[in-house]
Structure formats: structure tokens, C-alpha cells
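Residue numbers (the numbering used here), protein chains in the order written: chain A, 1 to 385; chain B, 1 to 385; chain C, 1 to 385; chain D, 1 to 385.
Some clues are possibly wrong.
The list treats identical chains as interchangeable, and a pair is accepted whether it falls inside one copy or across any two copies.
In silico DSS-like links for lysine-lysine, alpha-carbon gap of 30 angstroms or less [what the hints assert, rightly or not]: (1) Lys-75 / Lys-128; (2) Lys-154 / Lys-291; (3) Lys-183 / Lys-291.
Hint data in this document are derived by calculation from the structure and do not stem from the laboratory.
Computed from a predicted model, the values in this text were never measured in an experiment.
The residues making up each chain are set out below.
Protein chains: 4
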Amino acid sequence: MMVAPARIRLGMVGGGEDAFIGAVHRMAARLDDRFVFIAGALSSSPEKAKRSGLALGLDPARSYGTYAEMFASEKQRSDGIEVVSIVTPNASHAAIAIAALEAGVHVICDKPLCTTSEQAARIARAVKASGKRFAVTYNYTGYPMVREARALVKNGAIGRVRTVQVEYAQEWLSTPLESSGQKQAAWRTDPAQSGAGGAIGDIGTHAFNIAEFITGETVSELLADLQSFVPGRRLDDNAQILLRFASGSRGSLWASQVAPGNENALRIRVFGESGALTWAQEDPNELIVAKLGELPRRMTRGSGLATAAAQRVTRIPGGHPEGYLEAFATIYSEVAQAIRAEGPADSGITFPGIVEGIRGVSFIEAAIRSAAANGTWTPVAACSV
Amino acid sequence: MMVAPARIRLGMVGGGEDAFIGAVHRMAARLDDRFVFIAGALSSSPEKAKRSGLALGLDPARSYGTYAEMFASEKQRSDGIEVVSIVTPNASHAAIAIAALEAGVHVICDKPLCTTSEQAARIARAVKASGKRFAVTYNYTGYPMVREARALVKNGAIGRVRTVQVEYAQEWLSTPLESSGQKQAAWRTDPAQSGAGGAIGDIGTHAFNIAEFITGETVSELLADLQSFVPGRRLDDNAQILLRFASGSRGSLWASQVAPGNENALRIRVFGESGALTWAQEDPNELIVAKLGELPRRMTRGSGLATAAAQRVTRIPGGHPEGYLEAFATIYSEVAQAIRAEGPADSGITFPGIVEGIRGVSFIEAAIRSAAANGTWTPVAACSV
Amino acid sequence: MMVAPARIRLGMVGGGEDAFIGAVHRMAARLDDRFVFIAGALSSSPEKAKRSGLALGLDPARSYGTYAEMFASEKQRSDGIEVVSIVTPNASHAAIAIAALEAGVHVICDKPLCTTSEQAARIARAVKASGKRFAVTYNYTGYPMVREARALVKNGAIGRVRTVQVEYAQEWLSTPLESSGQKQAAWRTDPAQSGAGGAIGDIGTHAFNIAEFITGETVSELLADLQSFVPGRRLDDNAQILLRFASGSRGSLWASQVAPGNENALRIRVFGESGALTWAQEDPNELIVAKLGELPRRMTRGSGLATAAAQRVTRIPGGHPEGYLEAFATIYSEVAQAIRAEGPADSGITFPGIVEGIRGVSFIEAAIRSAAANGTWTPVAACSV
Amino acid sequence: MMVAPARIRLGMVGGGEDAFIGAVHRMAARLDDRFVFIAGALSSSPEKAKRSGLALGLDPARSYGTYAEMFASEKQRSDGIEVVSIVTPNASHAAIAIAALEAGVHVICDKPLCTTSEQAARIARAVKASGKRFAVTYNYTGYPMVREARALVKNGAIGRVRTVQVEYAQEWLSTPLESSGQKQAAWRTDPAQSGAGGAIGDIGTHAFNIAEFITGETVSELLADLQSFVPGRRLDDNAQILLRFASGSRGSLWASQVAPGNENALRIRVFGESGALTWAQEDPNELIVAKLGELPRRMTRGSGLATAAAQRVTRIPGGHPEGYLEAFATIYSEVAQAIRAEGPADSGITFPGIVEGIRGVSFIEAAIRSAAANGTWTPVAACSV
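Generate the whole structure from the sequences, applying the supplied hints.
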């Protein structure tokens with residue numbers, strides 16, 4: 001008789017008042033009932049951290065002022081946290097992640113992994129040394145139709161890939177919003193908190209990740225033209241990038257935060273020798289499948305004609321849209337499955353991990369290097385993990 | 001300092017193995033962290049009920065064989081359930097709901113409310129007598145863009161309503177699926193479990209509800225042509241219905257379970273003297289707003305230009321789709337707010353309740369009566385609650 | 001060796017200054033180079049008729065003050081007109097058409113055919129007596145994807161038809177435009193010129209025609225609720241109609257001229273036992289084909305996977321949209337083929353003729369009768385031609 | 001009193017049997033009744049030329065075996081051709097165009113203008129010397145919504161342009177179709193007939209042209225990565241190109257003939273400081289207009305809210321789609337207006353001419369040069385005409 005597995009004890013660093021992504025992580029953790037959120041260091045301001053803990057219903061004794069305090073204290077408890085979500089600005093990820101791993105805690109880290117490849121290498125070593133699970137929330141890979149796309153490419157449904165067109169367009173930074181005190185805009189355009197990448201780091205890495213995820217191929221080099229269109233902005237807000245894959249496939253990646261009319265328009269098209277796939281994040285329950293010599297078809301999430309890869313991450317019937325939170329929850333639930341090592345049912349687990357995290361950082365660094373050289377083909381460092 | 005309110009203790013009747021909607025209710029209850037699911041009578045088979053409870057992680061002592069047992073036992077506990085979700089076939093709703101109310105438990109009942117207006121009246125009396133909260137999960141009213149549409153009509157954005165075109169189309173019963181032993185198909189096409197309405201009851205009531213919800217108007221009479229296209233089917237699987245509102249507005253309602261190419265295609269268009277609104281459940285994050293003499297606009301859920309009515313039920317930024325579960329969760333969270341009577345923040349609470357439940361039953365009955373008379377205008381009974 | 005056939009000599013009644021549809025007919029006649037426009041009685045005002053003829057480059061001697069004059073004079077010439085286009089308000093169609101037929105001239109008549117079934121019967125007798133070709137410009141049947149839809153139904157691609165949802169929505173008469181002196185609005189809302197049907201006559205007949213054309217079935221009875229929403233309007237501007245086909249299929253037809261946000265939104269969906277078709281006039285180069293158990297496919301006009309019925313009326317490759325004028329031109333070119341009786345190539349000719357014209361008038365009369373009886377099922381007179 | 005201007009006498013070189021674009025030019029010339037097609041040298045095979053002339057109804061005496069013969073003979077006639085359409089493979093354009101101009105005949109030349117900038121310069125000199133009108137059929141600029149987009153950019157509706165995303169994707173050359181003897185594929189992949197550009201010449205030039213047309217800006221340099229994915233293909237079939245405009249705007253251009261699922265998917269998005277425009281050729285009657293701080297609007301061709309620039313090239317009301325042939329016809333009709341120098345009505349004439357033709361050739365040459373240097377920023381030669 002099947003018995004529900006015990007819920008995994010979850011802590012969080014960051015994600016207090018005024019934060020956006022922390023709440024997303026918490027909803028994602030709750031949706032499939034695999035986690036119980038019990039501890040946090042929810043702000044770099046201890047006072048704000050405490051206040052946020054109360055508002056979220058944490059036991060005050062487990063709402064910590066700093067992450068160091070949290071790891072130290074939780075480690076002493078038999079019911080201490082098993083996994084931590086890191087939802088702070090990018091520049092602090094490395095230190096927190098390494099502290100968590102050293103405390104024997106699994107990690108779910110927001111993207112990008114960190115701000116330099118040197119940090120990335122240190123995290124990778126800590127992961128290896130700890131034997132713990134490590135996820136990076138390239139959450140769009142949790143969408144069933146993204147899983148479907150990956151499975152179709154792998155199954156040869158479109159033949160060998162020739163070219164990939166991927167883009168992620170937003171409008172929200174079309175004006176100097178960071179000057180207005182808006183918190184999200186402020187840290188994301190601040191090199192000290194965000195790292196050297198602006199649009200390329202915040203959303204370009206998502207586009208890069210999904211291109212590699214769906215094609216199953218590796219970008220070997222890229223060529224970038226980066227702009228900071230908004231006067232006074234210190235990081236790029238628009239990036240035009242060409243891609244070359246190790247396989248010989250080509251592609252184009254456009255990331256922009258100054259594209260009026262776009263909210264979170266992540267869109268990918270993969271063209272192969274015998275077919276093509278089109279998927280857009282804002283309409284995530286459909287995947288257009290075109291095969292040469294046939295009429296294009298509209299695959300929907302719950303159609304029953306999807307591959308096992310899509311069906312195993314689908315919760316509700318077709319025509320009842322799943323959205324961003326469900327895709328995010330899938331990453332969480334796969335981490336849970338991996339932590340509990342649940343056996344055969346685990347076979348399709350594909351949450352993004354340290355490798356994908358490192359690739360994202362390499363992408364950012366290559367783009368900046370290429371642009372600095374006025375657009376030259378620049379290798380994206382291979383990941384040795 | 002804001003402190004998280006205590007979670008509401010939730011029980012469930014139905015929703016065990018093989019069920020579909022029970023899992024939806026549980027996810028909806030979890031999403032916003034307002035409920036804790038602690039007891040259930042999850043199946044009409046006591047053995048299956050127990051097994052389902054274990055699989056869902058219920059305390060075995062609180063996984064009951066019957067709902068009567070559950071209400072009796074929970075009533076004795078200081079930490080007994082405060083609210084119950086009823087997710088059984090329609091014919092059993094009335095008895096369970098009344099038992100719950102008599103046990104002092106708030107009720108969240110799946111739709112349609114019940115199978116006869118006589119039952120509906122009894123439930124209404126029990127609600128009144130108990131002073132408890134009562135919700136009927138016409139869940140599509142939880143979508144932010146449906147709230148937006150209602151607010152726009154109310155604000156006069158499209159002028160006086162002239163005509164409403166609403167439809168709910170599915171394909172899943174295009175063949176005699178009920179003969180194959182598929183459980184969902186079996187009970188939904190069985191008058192003994194489903195009541196006298198087939199498509200009109202299962203999905204037509206949603207269409208009817210959303211038309212009244214968005215327009216804020218009342219259908220006074222209807223004219224129906226009902227079909228059972230699939231040989232041997234005992235309930236309607238296609239319904240063509242004309243509507244007349246008390247205000248003089250007109251409309252058309254089409255509900256079909258034999259419409260190939262449609263999954264859960266609930267779609268409504270409202271035309272007024274000076275503008276029109278279009279919304280579709282399968283693309284729920286947008287609302288098309290057309291005003292005479294202006295270009296049609298595409299409102300998106302998180303655009304910042306929405307009314308307060310939409311913004312208060314929005315969780316994440318625009319371009320990151322919210323879906324079916326989020327809309328469903330909004331109904332749950334509003335019930336939680338109502339139960340806790342949280343004050344000013346409650347002002348926009350609009351979850352569907354006993355009145356909407358009764359209207360749905362009246363709609364079914366009027367449609368059947370009209371069709372039986374070969375299509376005559378038939379009053380939809382006014383709700384006296 | 002193929003030699004171009006001589007162009008057919010074309011005259012026109014109506015279509016002078018301020019007219020809309022006359023110019024459409026002339027472009028349609030020119031597109032495929034099968035006609036030469038050489039004579040006209042372009043207005044009921046002789047002076048305006050002459051002026052219009054000059055502006056259009058007619059030989060002044062063949063720009064007549066009245067249609068009677070034109071038929072009499074052209075009959076005397078060896079190079080007289082062979083066919084006439086009638087593009088006047090509806091009430092005058094019958095007299096002109098009969099005069100043309102009696103003068104031995106083929107007729108292309110705008111829709112609806114005329115304003116009463118008595119007129120329709122007289123035209124039908126004149127057609128029979130003359131042996132001449134007679135077309136009614138239900139022009140939407142000229143779209144390749146409409147031809148495709150008809151062929152697919154006929155070939156059994158969607159199985160026996162169960163229900164048809166058809167609608168034609170416009171916004172242009174949402175206000176009392178006829179009071180402003182706008183010529184198109186004035187005659188179309190004037191019973192003396194337009195006949196007893198408003199929206200049902202002007203656009204409802206198109207919807208009715210395309211439903212019968214695509215399904216190949218006959219509507220046996222209908223039930224109508226008609227409204228004149230704009231104060232002071234003398235004809236219906238919104239119509240909610242239920243359909244029953246002789247085959248047992250059902251359907252719904254909505255025609256509205258008070259639907260903000262709609263320009264010429266003719267849309268039809270046909271649902272059969274094993275599949276469904278969706279087509280919309282504003283996006284006419286695609287046809288959605290859904291089959292049970294398969295993913296819905298998007299057929300495009302030039303895809304090469306279309307039936308012969310679609311390919312023979314296609315001019316240019318897929319992805320280069322054909323539009324309204326091309327569909328209209330197809331009707332003209334098929335009339336030319338019929339006049340020249342060109343043999344095997346004629347096999348697919350399906351332009352709408354006297355039968356379709358009569359059916360349209362019967363539809364209008366049935367709708368008015370049904371609505372006058374507060375919505376009762378009313379037979380649509382069978383066509384005995 | 002307005003009198004119809006005399007029709008312009010038109011000849012054609014190329015466009016006989018098996019040709020595609022010749023028939024398009026003839027339909028375009030007919031649609032608005034400004035031309036009469038009276039002479040041709042319709043094939044490089046004199047026999048085929050004669051046969052094609054007969055099939056098209058040309059006077060056999062004016063169906064010539066060679067273009068030289070045609071120009072010589074027509075020059076002698078008082079009713080000789082006034083303008084010639086050149087619809088031959090690219091490599092022959094220059095010689096024919098120069099011969100036409102020297103014979104005093106206006107020219108409408110298919111794109112690209114020719115195959116080298118040296119040829120282009122010679123044509124430009126001949127145009128200047130002749131004083132004749134010269135058009136290059138970058139026909140997509142004839143679409144009303146493209147005119148609208150250009151007018152909106154000019155009027156400041158989206159502020160200063162920041163980035164342009166333009167693409168033209170086709171699938172038809174995904175396989176080595178040229179090996180099958182298909183005539184269109186054969187010449188378009190043959191450097192001797194097509195010139196040095198494959199996809200960049202055939203469709204990339206359209207994308208380039210429309211980007212400069214809509215923005216009113218000039219591309220100063222580009223960076224290209226070109227591929228020939230199909231084994232054995234001698235010209236590029238996929239091109240990933242980055243753009244820099246003289247104004248500082250950036251952009252990306254993708255042209256592909258190996259993109260399954262695409263027919264003629266020309267699509268452009270222009271992003272400015274305060275708004276953005278989106279247009280797609282396969283859905284040409286709409287233009288999405290997004291302004292910061294407002295909801296995106298859907299402009300339709302006949303909405304009445306368009307600028308004069310769009311309205312003057314619109315033939316029929318909104319909701320009745322105009323297509324490819326109408327846009328093409330607009331180029332022809334503007335050439336007619338220019339030839340007849342019709343005065344005030346001419347004010348909006350914007351058909352593409354020698355300058356646009358030269359730019360297209362410069363674009364091809366720059367792309368090939370850049371790709372040959374493994375992707376370096378390469379100037380697009382400024383046009384000195």
C-alpha cells in the first residue's frame with residue numbers, strides 16, 4: 001500500500017518583504033505537497049528577516065537574522081532543514097550555497113548560479129564534496145511542453161537540428177526604472193549585486209539554458225553585440241547574439257529588457273532537417289510541431305498524445321492551463337524525488353543542476369568578452385563537472 | 001506587525017483514488033497556504049477511502065470510512081475540521097452538505113450544487129440555519145481577467161450590455177467512452193449520479209454562471225434544444241440555448257461534449273452599447289477590450305492597468321501565466337478570508353456561493369423543461385435566498 | 001496549342017459614385033482577365049450614371065441612364081454585353097434580373113437574391129426560360145479553404161456532421177449611423193430598399209449559405225430571436241438563431257451588426273462524429289482540421305496537401321495571402337468558365353446560383369416568421385428549382 | 001468631371017510557361033485597371049515565348065522572341081509599350097533594364113535589382129540618362145499596414161528606434177529540391193542565374209528592405225553567419241545577421257529557406273523608446289501597436305483609425321482581407337501615378353526604386369563579405385544616387 005513520503009524540511013535565504021521570487025519559490029514548494037517550509041533567513045536586514053518570518057507563519061525561533069546562524073542552528077536539530085532555497089541577489093549566491101553544502105543541506109539556487117566562473121567552480125567543488133543535491137531554477141524547463149520538445153528532438157522527430165531561434169523579451173526596463181527606487185530594477189541593474197550581466201544574466205541565461213535543454217546540444221561559441229540603451233544604465237539591457245553549436249547547428253539569441261509590448265516573452269523555435277518545434281512561455285500549454293510534408297500540428301499539454309516525458313510532469317487535463325507556478329513546482333518536486341531517491345519513478349528527473357548553472361555563467365562571460373571585442377566569435381567554456 | 005493567520009483545518013468528502021477533481025481542490029487549498037488538509041472520507045468505499053488517506057499522508061485516525069463518521073468524530077475534537085470540500089458525484093452533494101452544515105462545518109461544494117431545486121432549497125435553509133460559509137466552485141470566476149471583465153462591465157466600460165455569446169466545448173465524450181469503464185465518463189453520463197443534466201449540468205452551468213457573473217445580470221428565460229448525439233447516451237451531450245436577460249439583453253449559450261478539437265473551451269463575449277469584452281479560459285491571462293471608435297486592446301493579467309478587482313487576485317507578474325489551479329486557489333483563499341473575516345482586505349471577495357449554486361440548478365431544470373417542450377421560452381426560476 | 005479564350009463582355013447595373021460593392025465586382029471581374037467591362041447603367045440617377053461611366057473609362061455611348069435602355073441598346077450590337085452584374089439595393093434585383101434574362105444576358109446578382117420568395121420564384125422561372133447562367137455572389141464560397149472544408153466534409157474526413165456553429169459579426173451599425181446620411185447604412189436599414197431583413201438579410205444569409213455549402217446539408221427548420229437594439233432602427237441588427245438540418249444535425253447562427261470589435265467576422269465551425277473544421281473569413285488562408293485522437297492541424301491555402309477542390313481556385317503559393325477580392329474573383333471566373341462551357345476543366349465549378357439565392361430568401365422569411373411567433377421552430381421552404 | 005486616365009501600355013520580359021512571378025505581375029497590373037498588357041518576350045526560348053504569348057491572349061505580332069526585338073519593334077509604333085516588367089532570373093536584369101531605358105521605356109524590375117554593384121551602378125546611370133521611372137518590386141512595402149508602420153515611426157509614435165528584429169523564413173528548400181528539376185529551385189540555387197546570394201538574395205533582401213522602409217533608417221554595417229545546410233547546395237540557405245543602423249539602432253535579421261513550418265514568414269518588429277510595432281506578412285491586415293504604459297492595440301487595415309499613408313492604398317473595408325496581390329498591385333498603381341504624374345494625389349507615392357534596388361545589392365555583397373571573414377562588422381555601401 002502506497003504511503004505518502006514524509007515532507008522535506010525546507011529553509012530559505014532571502015525572499016522576505018518586497019521580494020518577488022521568494023514567494024514564487026514558496027508556492028512552488030507547496031503545490032505538490034512535498035515540502036514543508038520551516039526556517040528562514042529572509043532578509044539581509046535581521047529585523048526585516050524576523051518581520052518577514054512572522055508574516056509567513058514561521059516559528060519565530062527559526063526565523064533567523066543571518067543564513068550562517070540558520071545553518072548553524074538547524075544543524076543541531078533532529079528536525080533541521082534538509083534543503084535550502086537561495087533567492088537573494090546573484091552576487092551572494094556562492095557564499096550562501098557553499099555554506100549550505102558544508103552544513104550538509106541540499107540547495108535550490110535561483111539563477112544565474114553566481115557572478116563569476118571562479119565562484120561557479122568553487123560551488124561545483126562544494127557540491128561534489130558534500131554529495132548533496134543541487135538545483136538551479138532555470139524553471140522554464142519545468143513546463144511539460146518544454147519537456148515534450150526535448151523528447152521530440154531526442155527521438156528524432158525533427159531530424160538533426162540546423163538552427164535555433166531563441167529570444168526573451170521584456171519591456172519593464174525601457175525607462176530608467178532603477179532611478180525611481182523600484183527594488184527589483186535597482187539590484188538587477190547594479191553590477192555589485194547582479195554581476196557583469198544585465199539582460200544577458202537575468203533573462204539571456206534562461207534563453208541560453210532552454211536552447212541547450214531542448215536541443216540536447218552544446219553551444220561552442222557565440223558572438224555578441226550588447227547595448228545599454230537607457231541612458232545611465234550600467235549593465236546591458238539589450239543583446240543580439242549569434243550562436244554556434246558544437247554539432248554545427250547555428251542560432252540566434254535575442255534578450256531585451258527594452259522591448260515595449262513584451263512581458264516575459266521567452267520564445268524558442270528549433271528547426272531540424274525534417275521538422276521544427278515552436279514554443280512560447282506566455283502560451284506554455286501548446287507546442288507547434290511541424291514536419292516537412294505534413295500540416296503543422298498543435299500539441300497541447302494534456303492531449304494524451306504527448307511523450308512520457310511531458311505526461312509525468314502534467315497535473316491536470318488538457319484545456320485547463322497550467323502556468324508558471326506549476327512549471328516551477330515541477331523543479332521543486334523533482335528535487336524532492338531526487339532527495340528521497342524514489343526509484344523507478346525518478347527515471348525522468350531532469351531538473352537543472354550545477355552543470356546548467358555553470359553553463360549559464362560561462363554564457364554571460366563569453367557574451368561580455370565577445371561584445372568587448374566588438375563582436376568576435378568567443379568560446380563558451382566547456383563544463384568539466 | 002503582521003502575523004500569519006492560523007491555517008484553516010480542512011476535510012474532504014470524495015476525491016480518493018481515480019478521482020480527478022479532488023486533487024485539484026487539494027492543490028488549490030495548498031497554493032496560498034491558508035488551509036491544512038487533515039481529515040477525509042475520500043471514497044464511498046471505506047476500504048478505498050482508507051487507502052487513499054494513507055497515500056495522501058492523512059493521519060490514519062482521521063481517514064474515515066464515511067462522511068457521517070467524519071463529521072461526528074471531528075466535531076468532538078478541539079482541532080476538528082472547520083471546513084469541508086465536497087467532491088463527490090452531484091447526486092450526493094445535498095446530503096453531505098447538509099450534514100456538514102448541521103455539524104457546524106463550513107462547506108466548499110463542487111458544482112453543480114445538487115441535482116434538483118428541492119435539494120437546493122434544503123441546502124439553502126441549512127446554510128441559513130447554520131450561519132456557516134458556503135461556496136460552490138464555479139472556479140472560472142477566480143481568474144483575474146474574469147474579475148476584470150466583471151469590473152469593466154460594472155464600471156460602464158462597454159455601456160449597457162446588448163448580447164452575450166458564451167460557450168463551453170469539449171471533445172472527450174465524442175465517442176461512447178462511458179461504455180469503456182472510464183470512471184469520469186461513467187458517472188457523468190449516469191442520471192442517477194449526475195442528475196438530469198449531462199453537458200448542461202457539467203459544463204453548461206459553468207457557462208451560465210460566468211455569463212451572469214461577468215454581466216452582473218440575471219437570465220430571466222431561456223430556450224433550449226438538447227441532443228444526445230452518441231448512441232445509447234442517456235443524458236444530453238450537446239446543447240444549443242438562447243438566453244434572455246431580465247435587462248433585455250440577449251444571448252446564446254452552447255455547451256458540447258462532442259466537439260472534436262476542443263479540450264475545455266469555455267469562451268465568453270459580451271457586447272455592449274459602446275464596447276465589448278472577449279475572454280477564453282484556455283488563454284486566461286488575456287482579455288480583449290474593444291471600444292467603439294478605438295482599436296481593440298489586449299489586457300493582460302499583470303499589466304498594471306487592470307482594476308483593483310483583478311489585481312487583488314493576481315499572484316505573479318504579467319507574462320508569467322497563471323492557470324486553472326491559481327484561479328481555483330483564489331476561490332479557496334477567498335473562502336479563507338471570509339471564514340477569518342479579515343476585514344478591509346475582504347472587500348472584493350466574490351466567491352460563488354449558495355445563490356450561484358441555486359441558479360445553476362434552476363438553469364439545468366429550465367433547459368430540460370424547454371427542450372422537452374420542443375424549444376419554448378422557459379423562465380429560469382428567480383433565486384429567493 | 002492553348003489560345004486565350006475571348007474575354008466576356010460585361011455590363012453593370014448600379015455601382016456608380018458612392019457605391020461600395022460595384023468596385024469590388026469590377027476588380028473581381030478583372031483579376032483573372034476573363035471579362036471586359038464595357039457598358040453600364042451605374043446609378044438610378046441618369047446624370048450620376050453618366051458621370052460614373054466617364055470616371056470608369058466607359059465609352060460614353062455605352063454608359064446608359066437606365067438598365068432598360070442598356071439591355072435594349074446592347075441587344076442590337078454584335079458586340080453587346082453577354083453578362084450583367086447587378087449591384088443595386090436588394091429591392092430592385094428582381095426586375096433588373098428578369099429584364100436581363102429576357103434580353104438574353106447572363107446574370108451575376110449580388111446577394112440576397114431579392115426581397116420576397118414571390119420575386120425569387122419569378123426570377124427562377126426567367127432563368128429557366130432563358131437558359132442563361134445565373135450567379136448570386138455568396139462570395140465567401142470562393143475562398144479556397146471554404147472549398148477545402150466542403151470537400152473534406154464530403155470525403156468523410158470528419159464523419160457525419162453533428163453540429164454547426166456559424167456567426168457573422170460586425171460593429172458598424174452599433175450606433176444609429178443611418179441617421180447621419182451614410183449611404184450604405186441608410187439603404188441597408190430601410191425596408192423599402194433592403195427588404196424585411198436587416199442583419200439577417202445582409203450578413204445572416206452569408207452565414208446561412210456557407211453553413212449549407214460546407215456541410216452539403218439542408219436546413220429544414222430554424223428558430224429565431226431577432227432584435228433591433230439601436231433605438232429607431234426599423235430592421236433587425238442582431239439575430240440569435242437555432243438551426244435544425246434535414247439530416248438531424250443541429251446548429252446555431254448568430255448575425256450581428258452591433259458587435260463592437262468585429263469588422264467582418266464570419267466564422268464557421270463544423271463538428272462531426274470523428275472530427276471538426278474551423279474557418280474564419282478574417283484569416284481565410286487557414287483551415288483548422290481536428291480529428292479525434294490526433295493533434296489539430298493547420299491547413300494553409302497553398303500547402304500542397306489540400307484537395308483538388310481547393311487547389312483549382314488557388315492562384316499563388318502558400319504564405320502569400322489571398323484575400324476577399326481573390327475569393328470574389330473566383331466566383332466571376334467560374335461564371336466565365338460556365339458561360340464558355342470549357343469542358344473538363346469545368347468539373348469543379350461550384351459558384352452559387354439560383355438555388356442558393358432562393359434558399360437565402362427562404363432563410364430570411366423563416367427567421368422573420370419565427371421571431372414574430374416569439375421563437376417557434378419554422379420550416380425553411382424547400383427549393384423546388 | 002473626372003475622366004478615367006488612359007491605361008498604360010505594358011510589356012513583359014520573362015514570365016512565360018512554368019514561371020511563377022510573371023503571372024503575379026500581370027494580376028497586379030490588372031487589379032486597379034491602370035495598365036493594359038500588350039507585348040512580351042516571355043521566355044528566353046523564342047518558341048516558348050510565342051506559345052506563352054498566345055496562351056495569354058497577346059497579339060501574335062507583339063509576342064516577341066527576344067527582348068531586343070521587342071524594344072526595337074515597339075519603339076516604332078505609336079501605340080508601343082510605355083513600361084516593361086522584367087521578371088527573369090536575376091543575372092539578366094541589368095542588360096534588359098538598360099536596353100529598356102535606352103529604348104525610352106519605363107521599367108518595373110523584379111528583385112533583387114541585379115547581381116553585382118557594378119551592374120547596379122550601370123543601371124543607375126541609365127535611369128538618370130533616360131529620365132524614366134524605375135521600380136524594383138520590393139512588393140511587401142505595398143501592404144497598407146507596412147505603410148502604416150512607416151508613418152507611425154515617422155510620426156514619433158514609438159519614439160526613437162532602438163532595435164529591429166526582422167526575419168523571413170521559408171521551408172521549401174529544406175531538401176535538395178533543385179536536384180529534382182523543379183524550375184524555381186533550380187535557378188534560385190544556381191549562382192550563374194541567381195547571383196552570389198541564395199536565401200540572402202531571394203528573401204533576405206526583402207527583410208532588409210522592409211527594415212529600412214519602416215524605420216526610415218539606414219543600415220550602416222552588418223555581421224553575417226551564412227550556411228548552406230543542404231548538402232551540395234551552392235548558395236546560402238540560412239543566414240543569421242546582426243545589423244547596426246547609422247542612427248545607433250541595432251537589429252537582427254534571419255533569412256532561411258530551410259525552416260520547416262514556414263511558408264513566407266516575413267515578420268518585423270520595431271522597438272522604440274516609447275513603443276513598438278509588430279507586423280507579419282502572413283497576417284498582413286493587422287499591425288500590433290504597443291506603447292509603454294498602455295495596453296497593446298490591434299490596428300486593422302480598414303479600421304478608419306489608420307494614417308492617410310495606409311488609407312490611400314486601401315481598397316476595401318476592414319475585415320475583408322487584402323492580400324499579396326493587392327499589395328503588389330499597389331506598387332504597380334503607384335508607378336502608373338508616377339508615369340502619369342497625376343498631381344496632388346501623387347503625394348504619398350513611395351514605391352521602391354533604384355535606390356532601394358542598389359541597397360539590396362549592397363546588402364547581399366556585405367553579407368557575403370562578412371561571412372567570408374568569419375563574421376566581422378562590414379559596411380553596407382552607402383547609395384550615392
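How the hints compare with the structure:
no., hint, in the structure
1, Lys-75 / Lys-128, "within (20 angstroms within a copy, 52 angstroms between copies)"
2, Lys-154 / Lys-291, "both (15 angstroms within a copy, 26 angstroms between copies)"
3, Lys-183 / Lys-291, "between (46 angstroms within a copy, 24 angstroms between copies)"
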